[in-house]
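Colleague: Chain by chain, the residues:
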Amino acid sequence: MNTIIFRTIAPLIVAIMLVFSAYVCLRGHNEPGGGFIGGLIAASAIAVLGMASGAQAARRALRLDPMAIAGFGVVIAGMSGLLSLFTGSPFMTSIWLHLELGETTVPISTPMVFDIGVYLVVFGTIATIALALESDGGDGL
Amino acid sequence: MNPLMTVIVLALVWGAISGNFSGLNLLLGAGIGAIAVVLLSRISGSGRSLRRLRSAISLGLLFIYELLVSAVKVTLVVLSPNLRATLRPAIVAFPLTIKSDAEITLLANLITLTPGTLSVDVSADRSLLYVHTLTLDTREALIADIASGFEAKVREVYA
Amino acid sequence: MAIAPFAAAALAPLVQRIARPFAGWVLALVPASLFMLLLRLVEPVMAGGAISARIGWVPAFDLDLSFMVDGLSLTFALTISGIGMLIVLYSGAYLKGHPHLGRFFMFLLAFMGAMLGLVLSDNLLALFMFWELTSVTSFLLIGFDHTRQAARRGAIQALVITNIGGMGLLIGAIAVYQLTGTWDMSALGGEVRSSGLYGLVLAVFLLAAFTKSAQLPFHFWLPNAMEAPTPVSAFLHSATMVQGGVYLLARTTPWLGNTQAWTLILVCLGGATLLWGAIGAIRQTDLKQMLAQTTIASLGLSVLLLGLGTPAAISAMLLYFVAHALYKAGLFMVTGAVDHEAGTRDITVLGGLADSMPVTFIAAALACLAMIGLPLTLGYFAKEEMYLGLLSLQWPDIATLAVLLVGNAMLAGVAMLILIRPFLGPVLSTPKTAHEAPIAMLVGPIVLGAAGIVASVMPDWLGLALLEPGTLAVLGEAISGHLSLAVDPTNPLLWLSVATWALGYLVYRQAAALRTLSRRFEVALGWTADTAFDGAMFGLIRFSGAVTRLLHHGLLEIYLVTVFVMLALALVGPLLMLDGYAALLPTAELGNWSAKLTWPDLQVHEWGVIALALLGLGAVLFSANRLVAIVALGIQGTAVALIFLLFGAPDLAFTQLMVEILSVVILALVMTRLQLDERDSRQFEDLARDGTLALVCGAGVSLFLMVILSGSFDSRLSDLFAATSVPIAHGHNIVNVILVDYRGLDTLGEISVVMGAGIAIMALLRSRARRTVPPAPTPIRAPRRGKVAP
Amino acid sequence: MTPADALQWTTLVALIVLGLALLISVVRIVVGPTLSDRVLALDLMTVIAMGFVGAIALRTGQMIYVDIAIALALLGFLATIALARYVMTRAAGRDGGAP
Amino acid sequence: MDYVLAALVGFFVALGIYLLLSRSVIRMLLGLVVLGNGVNLLIFTAGRLTRAAAPIVPAGLDQPTGPIANPLPQALILTAIVIGFAMFSFLLVLAFRAYQSLDADNTDNMRVAEPVDEPHPPLSY
Amino acid sequence: MVEQALPIAMIDAVTAAADWVVVLPLVLCLIGAAATLMLRRAGALTFVFSLLILAGVIACEVSLLLRVVDAGPLSMTMGKWLPPFGISFAADVFGAGFALAAAVVTLVVVIYAKGERGAEDGRDGFHAMVLLLLAGVTGSFLTGDLFNLYVWFEVMLIASFGLIVLGGSPSQLDGAVKYGFLNFLATTLFLMALGLLYGLLGTLNMADILRVAPAANPAAMAGVAALLLLAFGMKAAAFPVNAWLPAAYHTPPAAISALFAGLLTKVGVYALLRALVVLLPASRDLLEPVLISVAVLTLLVAPLGAIAETNLRRAIGFLVIGGIGSVLAGIAIPSLAGVSGAGLYVFHAILTMTALYLVAGLIERQTGQFDTRRMGGLYAAGAPVSIAFLVLILATAGVPPFLGFWPKLLLLQAGLAENGWIGGLVTVALVVNAVLTLIAGSRLWAHIFWRSAPAELAPGQLGTGHLLRIAATGALVVLVVAAGLWPNGMFEAVRLGAPDLLDPARYVAAIGLAGGTP
Amino acid sequence: MMEAIAIYTGCGLLLVGSLFSLVAAIGVVRLPDLLTRMHAASKAGPVGAGFVLIAVALLSGDAGVALRAIVGVVFLLLTTPVGAHLLARASYRTSDQLGGNMVLDELKSKTGQSPGA
Ligand code: NA
Ligand code: NA
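Listed in order, the protein sequences are those of chains A, B, C, D, E, F and G.
The letter at position 14 of the first sequence is residue 14 when you use UniProt numbering, and the numbering goes up by one with no holes.
The letter at position 126 of the second sequence is residue 126 when you use UniProt numbering, and the numbering goes up by one with no holes.
The letter at position 353 of the third sequence is residue 353 when you use UniProt numbering, and the numbering goes up by one with no holes.
The letter at position 39 of the fourth sequence is residue 39 when you use UniProt numbering, and the numbering goes up by one with no holes.
The letter at position 111 of the fifth sequence is residue 111 when you use UniProt numbering, and the numbering goes up by one with no holes.
The letter at position 374 of the sixth sequence is residue 374 when you use UniProt numbering, and the numbering goes up by one with no holes.
The letter at position 79 of the seventh sequence is residue 79 when you use UniProt numbering, and the numbering goes up by one with no holes.
Please note that a few of the clues may not be correct.
As the list claims (entries may be wrong) - Cut-off 25 angstroms, straight-line C-alpha distance, at most; resulting in silico cross-link-like pairs (SDA-like, lysine to any residue):
(1) B:73 with G:9
(2) C:432 with C:147
(3) B:99 with B:63
(4) C:432 with C:339
(5) B:99 with G:93
(6) B:73 with G:77
(7) C:96 with F:382
(8) B:73 with G:103
(9) B:99 with G:77
(10) C:96 with C:397
(11) B:73 with B:145
(12) C:96 with F:387
(13) B:99 with G:78
(14) B:73 with G:32
(15) B:99 with B:124
(16) B:99 with B:27
(17) B:99 with A:54
(18) C:432 with C:341
(19) B:73 with D:27
(20) B:99 with B:5
(21) B:73 with G:67
(22) C:96 with F:417
(23) C:96 with C:479
(24) B:73 with G:33
(25) B:73 with B:84
(26) B:73 with G:61
(27) C:432 with C:289
(28) C:96 with C:289
(29) C:96 with C:438
As the list claims (entries may be wrong) - To spell it out: a stretch of chain F is covered by chain A in this simulated footprint if at least three of its residues, at any positions, have a beta carbon under 8 angstroms from a beta carbon of chain A; those stretches are:
(30) 9–15
(31) 22–35
(32) 165–176
I should point out that these hints are in silico values taken from the structure, not numbers from a laboratory.
Since this is a predicted model, take the numbers as computed values, not measurements.
Glycine included, each C-beta is placed from N, C-alpha and C at the ideal position.
One chain only, chain A, in its complex shape (with noise of 0.2 angstroms):
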């Protein structure tokens, strides 16, 4: 898959879905989408450029093991749903902030931590697939 063609645009396409991924988790509280298509979308960049660059490129890329930051998403939605501990509620009760900046409010909410937990796993296992099956059986695991 080694072309100039696909090689020069990979990494703007994969620019545009990471975008776009980012947009579509923080958008599905209120519109279609969240964190699961989020992080398929961002996993999906990650694919492309593991086809357009190579498995390890791609690995380069990321930096982190994709799968510390799947557990990391795990880590985090978890730890979202225990700060309720604090407020004398079940587990999992949300908790908002509606952090006034300038002249918009930025809602922060145990649920979108959560979210973006679920971003982060499901970005994190499906690079680590795509990016193995690249690259035949496993180096780098």
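Got chain A sorted already, so can you dock chains B, C, D, E, F and G with the ligands onto it with the hints?
Modeller: Then chains B, C, D, E, F and G with the ligands, alone, in the frame of chain A:
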């Protein structure tokens, strides 16, 4: 494209897809774009930045026009009752005068999207772009057409 | 009290290690002190009281460890601890230097504890537990010489047979508990006998007793148990464990016994066992085997007496139990000494040992005389008592008497064989040059023999200490002592005894002829319970092999067929049986076919999408090779997504499309490394089977779903979600709010699955990258190399 | 015909036409003959599905479905390139190279 | 329309099962995918179909304006799709590794764990 | 605002921090799994970390069990949503007890595995997968929502997938293919049943199902129950859908087999118990003949496999299946004694089966063989392993006073108390199962321990790390023996817990449905 | 009025778009070989989908949605040719019959010499 430029473009893409060009939102977009760029920084991204916006816009307009024409042409071919007579498929080696990856890629994609042509391959030394055509008139006519059309415009954009 | 031996058992290996040569002596202190303790109870029991103790064990299950010492249990307990002490001593010498002597003591003492627990328990369930524990310890002791297959076979045989009986005992115990509400036997009255379950209870209790006490047809395990070291045979398989069944029958007599069925079964089977064992004893020439067979006979005799259930019979049973325990244990020890010193136990090659082993000879003589039942031995009293109750001149009594007489006579004959053949007569050369056994091996038989004599010279005491409390325990009425040393020629009993001895001598003289006859008979029969056991066991193993091979063949396809057959049944069965499809049929009062059969309210493009789905399925089904199937898979995936989109589920459509695309990507990535392009090559019969199964399941699901759709739907949950999603959960996309808030825990689990899939796939691919299999043993069967053509 | 009616009718017609297009492209997936033909048809199906999504968005007035179309635009080609890769590698294997 | 979907579910399930019985691991996997889609459609249908709006409250409102599609089955199916995809990925890689190690993609030829020439139990003690 | 018009959706009361013990074990496992995954390149640290997590889980579960014993079922509904709108977790005595037992055996197995795996660190994700497995098991035991149960089943399943292929030998891959397809199929069928159930009742909360199920179409409910029986029966390895178990359990390293044997089927059979006895008793009654046949056939057929098998761990696998038959017998006769026996059996099996596999691992290591025909001489070689094996075999066969006897006693009581052919059939099957199990066990013992070692075999090398392995196994065996000798605590728990299965009023009250209890 | 015109225009675009999609599908079925079919798929296809999206942009009445629809078209035009190119290249390199009915094939002679690029 240099990283800063890319971040700006990505921030604008963000603004577009999220339908909100407020400063705060663009900042968020820039942040996300920056993450993407950092991720991609280790992928060798050689290439030259867009120099001339006007040329780019002109290329875009040409492209849209050609695309529509292309779609119509294909339609005509597809719907023609006597397919065998209409079709004259061929692969022509188009001698490239542009050399950079970005230029070749752009050209190849444009060719693919436009009338009766499809980029199949680029030769190893990047001197030839193999173009498949549905209705070959003459080889030379096709080459001249591309060279004076898209290739020239692409060269202008990246000049 | 029952705990002490277990503690000792646990410490035995340690003691063995520390006190090497004297371990036997040290450990014998345990049963010795128990014996002394029990002796102190004799007086109170003689006074007519039963002593009970109760330890709470499982109060939540209404289960206490209740113990009771009465005449019966005390007799058994004293015998067990007394002989146990001698056996421990004897073993120390017999197995001197054996590497696993510590284990041996451990098992032996544990067994003794179990046996004591068995006879002292008043609680039926506790009795069962100790019962099972004796089986297990006996298993370990029989298999002590474990490198020989015969020992292992004997052990397994004993375990299996006694375990079958044990199960019977358990069932019986539970049944009794359910009938009466108590586990305590002392609290039982006539409830069991009068209940409708009496037949079942009796059957299972008898099964337990008969297996443990080696009654026909379960007798065969006992001779095989002789693979155990001799002290074990002496202790378990003559004096104690096998008497467990006899004990159980005696113990249960008050509330289970003395019915017509009881008497009939016990007398008949007991008598048959007596004769069978006696004949078997004559057939043998191996001393130990002869003793084993006589033990079977003696157990049959005891069971017969219990079946008679008359005061005289019970007295006789008690006397016989003590007498038999003393002489049989002694004889086993003597046999062990002979074997140990002369190197063989075959009476045809032994002779004249009396000279080289005088003490052993004296011990043997004491025991054999008791076995023959000469006066001044306990055996004499026992025999007299047996005959006593049967002088009514009615034909059942006469028949029983005849059986007893013949049986006793044959046993007497065998006793003569045992005493005379090895010890008297000309000296024959033996594998080892015989000389006297070490003292620890002689203490036992001598003490036992002497005890028999001592007891028999105190008939009044015997009556008071043994018979009165014993019969009180079994029959509920004390039989006063009437034993006497005087020999009265007018007493018909004396003449019956004389007849027994005479007949016994005849048997002794004709032993060789009888043996030949008996062996011929065995050959002619060509079948014994023992070979039947092997047949059954190997049959079971073969059957197991066949069944397992049939069910677990390693063909995933057949496993799946099984699952889908079950699925078809589950989908269709209940609805069909319970008239569930009625919901789909027109009902008389409501509507008719036309109401049911309106053309579905679908628009053209919706039909188009459904057609797309069907086409997609068809494309997968008819695709020539797997890769085409993968591409075709995309069609139905897209169709499903569009269906979701058409019916108001954008999130689902979105996810479905993304997943569909990524599935194809991953499939393509994997397929890149596989060389597969075969067609689906099913034979017609498979095709028909699979197709039918698939269609039935598919139709089942559809109809099931239609039945459900015909009912009303409760949309409470979703209504609330819709009402509160924005105001409380601050989200406009209700589906997403459900995912991250209302049912966030599902999603937490879901992402864990995703993460898990990542780890699992990593593990899969790593194993290939590393090529390092963890240090596990290599499988025996090398994996089949190369592709095997189907 | 009010504009709203027109929209309803047009979207219905569009959906029918697009549905027809989907069904027709299935023919190529089924017929083949080469894997590349099928992949091409699958790719086209994704693109047509994009249009379908857009048409449904117009019909239901749920404009947010556009995001699905965007995602399809971005990801649709992924399956195509993965399968193209497969076509490439398998041929290499057939020619005697490593699988 | 519910009944049409119900019938369609049956076709999905039937094909899924048919493919699962094909002995070829890759085909069986496709069968699992098809079966999974069928079950997802089943849940979707069981939650009652509607052509009503998607369960998304329009911006600026607190409640949906009219009837909406049932959101709960959608959430359940979403979870099921994700889980199904994770499982599918694993089984696919497993099939791949099994093919590499066992040199077989036909389950009839995968007989290492339960060998064809399985020894008979010994008739001894 | 429109707040007034809103239906009551959230719980009013403040949740005490102490109530969190019902969900903390699960959360700890999940976060622990993820964190060990992140730490997987940190060498022995992953081991220590997972020990800490397990200790925390056990601490939470002990306090949970104490609370439940003290004050009855404890529940928490996530997100403060009023049940059935949120997902409820609810612990009764059985759930809490099983969760605790599962955590304890997991701890033992992790320590054992440390010895077995030697220098291998956590890089392969072993610890993460074990914690994930425990998370799935714990969630399955404690959840009060049927769909949530499906999710935890899948968590458990994927973790077991990862564990079963760890090392990747050909037989593992073969076993994993069968295990994978059949088990994923089972959960798919479960999902199918859930979809149908949701279509019927419109709810997934167990307490809510209890409330609305009696009014639903009985035929359809029976169909759902039959599907659940099939799906859970597959997970539990009930005859005739048990084939995956003997096909796979013997292939991974012993520690992993042990974990599977202790946890997986137990979760399936416990789910069956809850679904049929607690949730859908009316449908269960309709399916009774099926249940009886399944229980009896499982009891009878499984030990035959143990007799026939020459691969040690496969043989033990059949014993695991036989045990499932016992639990099924309790479900088939759901009297107080029956469900008590079933519950106690699950507890016993979690401990005993795990220990049995661990001992099998020691045996395999000592002999270097998988095949009992090639083993031998171990009795002479050492007492601890011999005694452990014998004790466990006896416990499995239900020989007193070992742990397995007590559930068997209760089940036999249930069988004998049941009038008619059902009781008799089940009783006979239980007894035959016990005898066949003992035959299989004593033959194994005779072949592995008593028989002389084959000439080519030099037993005695347990390899490095054997102390950890023996200590872990020994601790578990001691636990089995102690629990058998002093069963009062278990009976106390069963006396408290079993009535809740037959009359779930306390359970429902603890969950506190919107709109009050039925 | 403006709104009505926008709606009618949108409807028109929608119809044109769907018709182009239909043409693409027909082309893929009708055209004789892979490369010719690719013309249909990679030109009529995106144009059809593009028209539909532009119709959405026009009819949405929401600048954000309109922008996103346009962005969608751009993405489509960015990715479709790449896919088409890769597929064409891969197929051409691996198939022997592709050049069968071409009037001229200047790549055929070259591939033998330069297998990788
Ligand atoms: Na979402
Ligand atoms: Na999700």
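Colleague: Now tell me, hint by hint, if it's right for this structure.
Modeller: Here's how the hints hold up against the structure:
no., hint, result
1, B:73 with G:9, "23 angstroms, holds"
2, C:432 with C:147, "23 angstroms, holds"
3, B:99 with B:63, "21 angstroms, holds"
4, C:432 with C:339, "9 angstroms, holds"
5, B:99 with G:93, "23 angstroms, holds"
6, B:73 with G:77, "18 angstroms, holds"
7, C:96 with F:382, "20 angstroms, holds"
8, B:73 with G:103, "19 angstroms, holds"
9, B:99 with G:77, "23 angstroms, holds"
10, C:96 with C:397, "50 angstroms, violated"
11, B:73 with B:145, "16 angstroms, holds"
12, C:96 with F:387, "23 angstroms, holds"
13, B:99 with G:78, "20 angstroms, holds"
14, B:73 with G:32, "17 angstroms, holds"
15, B:99 with B:124, "12 angstroms, holds"
16, B:99 with B:27, "36 angstroms, violated"
17, B:99 with A:54, "23 angstroms, holds"
18, C:432 with C:341, "6 angstroms, holds"
19, B:73 with D:27, "23 angstroms, holds"
20, B:99 with B:5, "22 angstroms, holds"
21, B:73 with G:67, "29 angstroms, violated"
22, C:96 with F:417, "52 angstroms, violated"
23, C:96 with C:479, "46 angstroms, violated"
24, B:73 with G:33, "18 angstroms, holds"
25, B:73 with B:84, "16 angstroms, holds"
26, B:73 with G:61, "33 angstroms, violated"
27, C:432 with C:289, "21 angstroms, holds"
28, C:96 with C:289, "24 angstroms, holds"
29, C:96 with C:438, "11 angstroms, holds"
30, 9–15, "holds (count 3)"
31, 22–35, "holds (count 7)"
32, 165–176, "violated (count 0)"
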